[in-house]
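Chain residues, written in single-letter form:
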Amino acid sequence: MKESQDCKNALDHLFAELDLRPADRSLIAEMIEIYPTCEDQLLEAYAVWKDLGDREVSVPSSSMDASFYKALNEFEAEGSSKVAPEAAVAKPMWQSALKYAAVGLVLLLSGMFVGRQLAPTDNSVDMAILEQADEDIQINVARMTMSRSSTHKMEAIQETKDMDDPSDKIFEALNQVLLSDRSINVRLSAIEAMLHFSDDPLAREYLIKAIPYQESPIVQIALADAMINLEEK
Amino acid sequence: MKHSNLETSDLILIAEVAAGDKSKMGVLYERHSRDLYSYFMRLTRNREKSEDLVQNVFLRMLKYSHNFKGEGKFVYWMFSIARNAWIDDHRRANPLKKMKEIENIDQKYIQDPESLEQGVELKERKEILQYALSRLAPEKKEAIVLSRYHDMKYQDIAKIANCTESTVKSRIRRGIAELQEIVRTIH
Numbered sequence: 250m251k252e253s254q255d256c257k258n259a260l261d262h263l264f265a266e267l268d269l270r271p272a273d274r275s276l277i278a279e280m281i282e283i284y285p286t287c288e289d290q291l292l293e294a295y296a297v298w299k300d301l302g303d304r305e306v307s308v309p310s311s312s313m314d315a316s317f318y319k320a321l322n323e324f325e326a327e328g329s330s331k332v333a334p335e336a337a338v339a340k341p342m343w344q345s346a347l348k349y350a351a352v353g354l355v356l357l358l359s360g361m362f363v364g365r366q367l368a369p370t371d372n373s374v375d376m377a378i379l380e381q382a383d384e385d386i387q388i389n390v391a392r393m394t395m396s397r398s399s400t401h402k403m404e405a406i407q408e409t410k411d412m413d414d415p416s417d418k419i420f421e422a423l424n425q426v427l428l429s430d431r432s433i434n435v436r437l438s439a440i441e442a443m444l445h446f447s448d449d450p451l452a453r454e455y456l457i458k459a460i461p462y463q464e465s466p467i468v469q470i471a472l473a474d475a476m477i478n479l480e481e482k
Numbered sequence: 024m025k026h027s028n029l030e031t032s033d034l035i036l037i038a039e040v041a042a043g044d045k046s047k048m049g050v051l052y053e054r055h056s057r058d059l060y061s062y063f064m065r066l067t068r069n070r071e072k073s074e075d076l077v078q079n080v081f082l083r084m085l086k087y088s089h090n091f092k093g094e095g096k097f098v099y100w101m102f103s104i105a106r107n108a109w110i111d112d113h114r115r116a117n118p119l120k121k122m123k124e125i126e127n128i129d130q131k132y133i134q135d136p137e138s139l140e141q142g143v144e145l146k147e148r149k150e151i152l153q154y155a156l157s158r159l160a161p162e163k164k165e166a167i168v169l170s171r172y173h174d175m176k177y178q179d180i181a182k183i184a185n186c187t188e189s190t191v192k193s194r195i196r197r198g199i200a201e202l203q204e205i206v207r208t209i210h
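Which chain is which? The protein sequence lines are B and E, in order.
Per my numbering, residue 250 is the first one in the first sequence, and the count goes up by one each step.
Per my numbering, residue 24 is the first one in the second sequence, and the count goes up by one each step.
Just so you know, these hints were derived from the structure itself, not from any lab.
Errors might be hidden in some of the hints.
As the list claims (entries may be wrong) - Below, in silico cross-link-like pairs of lysine-lysine (DSBU-like), each with a Cα-Cα straight-line distance of 30 Å or less:
1. B:410 to B:299
2. E:86 to E:149
3. E:47 to B:299
4. B:257 to E:96
5. E:72 to B:410
6. E:149 to E:72
7. E:164 to E:176
8. E:72 to E:86
9. B:299 to E:72
10. E:182 to B:257
11. E:164 to B:299
12. E:96 to E:182
13. B:319 to E:86
14. B:410 to E:45
15. B:410 to E:47
16. E:182 to E:164
17. B:299 to E:182
18. E:45 to B:319
19. E:72 to E:47
20. E:92 to B:319
21. B:257 to E:149
Stated by the list, open to error - With beta-carbon atoms standing in for the labels, derived distance ranges:
22. B:469 to E:107: 47 to 57 Å
23. E:111 to B:412: 31 to 41 Å
24. E:58 to B:273: 22 to 32 Å
25. B:414 to E:58: 33 to 43 Å
26. E:110 to B:327: 56 to 66 Å
27. E:92 to B:296: 40 to 50 Å
28. B:477 to E:29: 33 to 43 Å
29. E:107 to B:429: 12 to 22 Å
Each residue gets a CB set at the ideal place from its N, CA and C atoms; glycine is no exception.
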């Protein structure tokens, strides 16, 4: 593009203004008034700027979110196994004592919780689900409800979304995850999966019934959004 | 520097991540991943690569959250990391393959009259401009994308790109001039 020195200044001025105010007709009219001999160059540059289009591009695939949460879980798992030695040294003794007491209490409560989860009655519920489902569904249900890794559970939950017509057993497993899994991310995935099948009355029923059992604000918000979605449908 | 509520909340969240609560990165991801994806899509025009780069940025932020000193907005730090991720990806790419890809695009848009006609008919000017944007030098493309699509001020782009404000303005002006040239060539 050939520019005279005057028009180079005019374009410099235009782009300085574009940093300060929105690109609209009044801006270009002002610029043309100041630099009447550069009207063509100013209009052309302005048109290109405007025609670059809107902010939005395509939407990322759902696998982007799944990959991120999988990586986040792995990162959290790695992080929790590491201890920062300097942090322990720097804190006063009474703080450490309180910390240990708190950790002890959490461990005790976790133990009680895990104990309840592993109680024969709960396992028998899982087994009852398994007995009636076909092999693929059995594997999926087992990964959702029995896997120790949140990542594996989330993968299994994501896979349910590829099913054409998931059986009631799948919804029961998703419901079990939603009501009892410790990981917020796993519970959020279960909500997402059930919402994916919100045309199914059982999925809707489980979503609605799960509301009073959720203590996490993030899960509560996700369920509230799900309710709005259901209402719109 | 004054921060909006959302910006303050971003700063609190990243501080919590740095303090060890890595799950808070999930909230930042929900807030900013789409914006970041859009940034990479404008730069690469490749969906798969853009998704990989988004993940790469969030993992880098998880790893280096302690490096964020709370000076300036969180999103500027995020875009600085995004920029480095993009540059690293660029460096890793096979230059020969890149050249081949560019040649193929040129063939499609410039030399094949049928494709050209279809291209012009399809989305006309805006489509061509997006293609032209992808052909700009990285630093010009980056300045235009951050200013035009992410509403960033030149001084903030300058911090992200490690250059002066006037360099940013010059890159945008020259970039727009080159876009005009490419559009003219295609028409």
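Sort out whether residue 47 of chain E lies within 30 Å of residue 72 of chain E, counting only the CA atoms. With Cα atoms ~25 Å apart, residue 72 of chain E and residue 47 of chain E stay inside 30 Å; holds.
For the range 47 to 57 Å, tell me whether the beta carbons of residue 469 of chain B and residue 107 of chain E fit it or not. 37 Å, violated
Does residue 72 of chain E lie within 30 Å of residue 149 of chain E when you go C-alpha to C-alpha? 23 Å, holds
Straight-line alpha-carbon gap residue 86 of chain E to residue 149 of chain E, limit 30 Å: 39 Å, violated
Check the following: the C-beta atoms of residue 107 of chain E and residue 429 of chain B are separated by a distance inside 12 to 22 Å. About 42 Å separates the Cβ atoms of residue 107 of chain E and residue 429 of chain B, which means 12 to 22 Å is violated.
Holds or violated: 40 to 50 Å for the Cβ distance of residue 92 of chain E and residue 296 of chain B? 42 Å, holds
Taking 30 Å as the top limit, are the C-alpha atoms of residue 299 of chain B and residue 182 of chain E close enough? 25 Å, holds
Satisfaction of the hinted span 56 to 66 Å by the C-beta atoms belonging to residue 110 of chain E and residue 327 of chain B: 27 Å, violated
Pair hint residue 410 of chain B and residue 47 of chain E, alpha-carbon separation not exceeding 30 Å: Within the cut-off at roughly 26 Å; holds.
With the threshold set at 30 Å, check whether the alpha-carbon distance from residue 92 of chain E to residue 319 of chain B stays at or below it. Within the cut-off at roughly 27 Å; holds.
For a C-alpha distance cap of 30 Å, please report whether residue 410 of chain B and residue 45 of chain E respect it. 27 Å, holds
At the C-beta level, are residue 477 of chain B and residue 29 of chain E separated by a distance inside 33 to 43 Å? 21 Å, violated
The structure shown violates the earlier hints numbered 1, 2, 3, 4, 22, 26, 28 and 29.
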